Each structure stands twice: as structure tokens, then as C-alpha cells.
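Trainee: Letter by letter, the chains look like this.
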Amino acid sequence: MTELGSAPVPELGPEDHVRGPEDGRVLIEYGDFECPYCAAMSERLAGMACRLVFRHFPVRSSHPRAWPAACAAEAAGLQGRFWEMHDLLFADQGRLEDPHLWQRAETLGLDLERFERDRRSPDVEARVKRDFRSGVRGGVVTTPTVFADGRMHAGRFESL
Amino acid sequence: MTLKAGDQVPEFTLRRGDGSEFTRADLEGKTTVLVFYPFAFSPVCTDQLNLYDEVLDDFGAAGATLYGVSCDSTYAQTAFQDRLGVRIEQLSDFEPKGETCRAFGVYHPGGFPQRALVIVGPDARVLWSYQADSPGELPGANLIFDALAPA
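Residue numbers (the numbering used here), protein chains in the order written: chain A, 30 to 189; chain B, 3 to 153.
Hints may contain errors.
[What the hints assert, rightly or not] A few chain B residues that face chain A, going by a derived Cβ cut-off under 7 Å, partial list only:
1) Asp-55
2) Leu-58
3) Gly-142
Keep in mind the hints are simulated off the structure, nothing from the lab. Nothing here was measured: the structure is a model prediction, and the numbers come from that model. Where is the CB? At the ideal position from N, CA and C, for every residue including glycine.
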């Protein structure tokens with residue numbers, strides 16, 4: 030009954046998608062692939078020597094393709110290409126329909142049948158949902174929201 | 003001042019999307035979350051309803067029904083709801099404008115509801131309320147779930 034009550038967002042864990050130098054400052058981003066501010070944030074974070082964790086925070090009524098895009102990134106992740114798909118999604122947010130997702134999977138040389146099966150699987154949906162819910166519990170209300178050194182930075186902030 | 007925990011909800015009349023009345027009697031026998039928001043179609047209100055809608059099933063599982071309340075007309079509210087594609091029912095405080103918001107202590111001097119949350123218990127008494135420091139602040143859904151948790 031209270032499973033969405035307040036709780037700190039989880040620390041970096043083994044199931045997280047993470048990139049950047051191991052000794053870098055850990056930044057945990059809650060983002061949405063259809064959100065233009067998230068695309069801008071991802072550019073900015075790419076230029077920082079940080080250890081970046083990406084968690085999904087898709088809100089379907091704002092961004093109808095945010096959920097399919099998040100699931101596509103997870104499906105690519107199952108073939109070891111999460112971050113490549115993350116970058117390709119943010120690079121062209123005007124093209125997030127199914128054929129565009131297939132095109133990206135092809136570009137990355139993924140097994141297309143498996144990609145298609147995985148992105149619609151209950152496991153992948155549950156994975157995205159788990160990220161989303163951890164964000165809700167941590168007080169995330171908008172994207173992008175970045176947690177750094179235990180502090181929440183919501184939206185388009187200037188300093189990180 | 004916003005009604006506080008323990009306060010009896012006064013008599014009020016709001017309008018549903020179909021023009022029918024929604025009164026204090028509609029609060030009785032269930033737990034209700036009234037989400038007062040400043041304006042249909044404004045950016046923060048959009049984010050707020052979208053976010054709460056995403057976890058609407060969880061509110062249901064926690065035994066609560068959510069309603070959005072603003073001073074916009076029913077037609078504007080319905081258009082707003084359709085545009086967002088959210089399921090949260092809208093209630094209008096259009097005429098006499100803001101009367102229910104005043105009764106709940108959430109009317110902004112600028113002529114719109116404060117961004118406030120009021121949880122009302124089955125006996126039509128307030129269980130919990132929250133008013134954002136500024137209309138631009140969006141209260142997280144976690145705060146509502148905290149308030150709905152059994153003591």
C-alpha cells in the first residue's frame with residue numbers, strides 16, 4: 030500500500046547502466062528519451078568526466094514515445110548496447126516511431142528478432158518501471174533530474 | 003489558510019465534466035485526494051497531472067481517488083484532460099469563481115487556486131493537506147503516498 034512512499038533513490042547498483050571513469054563523481058540521472066531537456070543534459074554530461082548512471086523516468090502522457098524508447102534502450106542493453114542506443118535515441122528525438130527504433134537496432138548490428146521480442150517483454154517493462162518508481166519515491170517530478178552527492182538537481186539547472 | 007488535518011470539510015459545490023454537481027456528499031465513504039492546480043494548460047500543472055496519472059493505479063491500490071480542481075470552465079478542463087490523455091477526473095470551481103477554493107483556504111489572490119493537495123477521509127474530515135511554497139513548485143507523488151500510509 031505504501032510502496033511509493035518517500036525513500037532515497039538507490040545508490041549505484043549492479044543492475045544500473047553506468048559509464049565513465051570508475052573514480053569519477055557519480056551522477057544519477059532520471060531521464061526520458063523524448064524529453065528535449067534530457068537530450069541537452071546528456072550532451073552536457075558527456076562532456077564531464079563523471080561516472081554517469083542513467084535511470085528511466087518516462088511519462089507517457091507528456092511523451093507518448095518515451096516508454097517505447099526506454100524499452101528499446103533496455104532491449105539493446107540485453108545485447109550489450111544500452112549506451113549506444115541511449116546516444117542514438119537522444120541524437121534524433123524527432124524519430125522515435127517503431128520503424129525508427131528498428132533502424133537504430135540495425136545500425137547497431139543487433140539481432141533484430143531478439144530486439145523486437147525483448148523490447149515488448151514483461152521483464153523489460155518491469156525494469157523500466159522499477160527505475161521510474163524509484164524516482165517517484167525519491168521525489169522526482171520532472172526530467173531531467175540528477176542526483177549528485179546526495180542532492181537532487183531538478184530540471185534545467187545551471188550548476189551540477 | 004489551507005484546511006488542516008482534522009478540519010471538517012465545509013459544504014461546497016464543484017462541477018464535473020458533464021456539468022453535474024460534485025459536493026461534500028461525494029467525499030463521504032471513501033478517501034479522496036483533491037489536487038488544486040492554478041491553470042489548465044500551464045506547464046507545471048501539465049507535468050503534475052501527467053506524473054500523478056502515471057501512478058494512478060497505485061493511488062487506487064492505496065484506496066484513494068484523485069480529482070483535479072481548478073477555476074477553469076468544465077469545457078477547458080475537459081480539453082486539458084483530453085490533450086494530456088490523463089484519466090484524473092477534473093472538477094471546476096468556475097462559478098461563483100473560486101468559492102470552493104476559498105472554502106478550502108487555497109484561493110490565490112491572483113484569481114486562481116494555489117497549488118495544494120488536500121486528502122479527505124471517508125467522514126469528510128481532512129486527513130492531510132499541503133500547499134506548495136509557490137505555484138511553480140510541483141509536489142512529488144511520494145508525499146501523497148506518505149500521507150496515505152496508515153499511521
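Trainee: Checking each numbered hint in turn, tell me which of them this model violates, lowest number first.
Mentor: Of the numbered hints given earlier, the structure breaks just one, which is hint 2.
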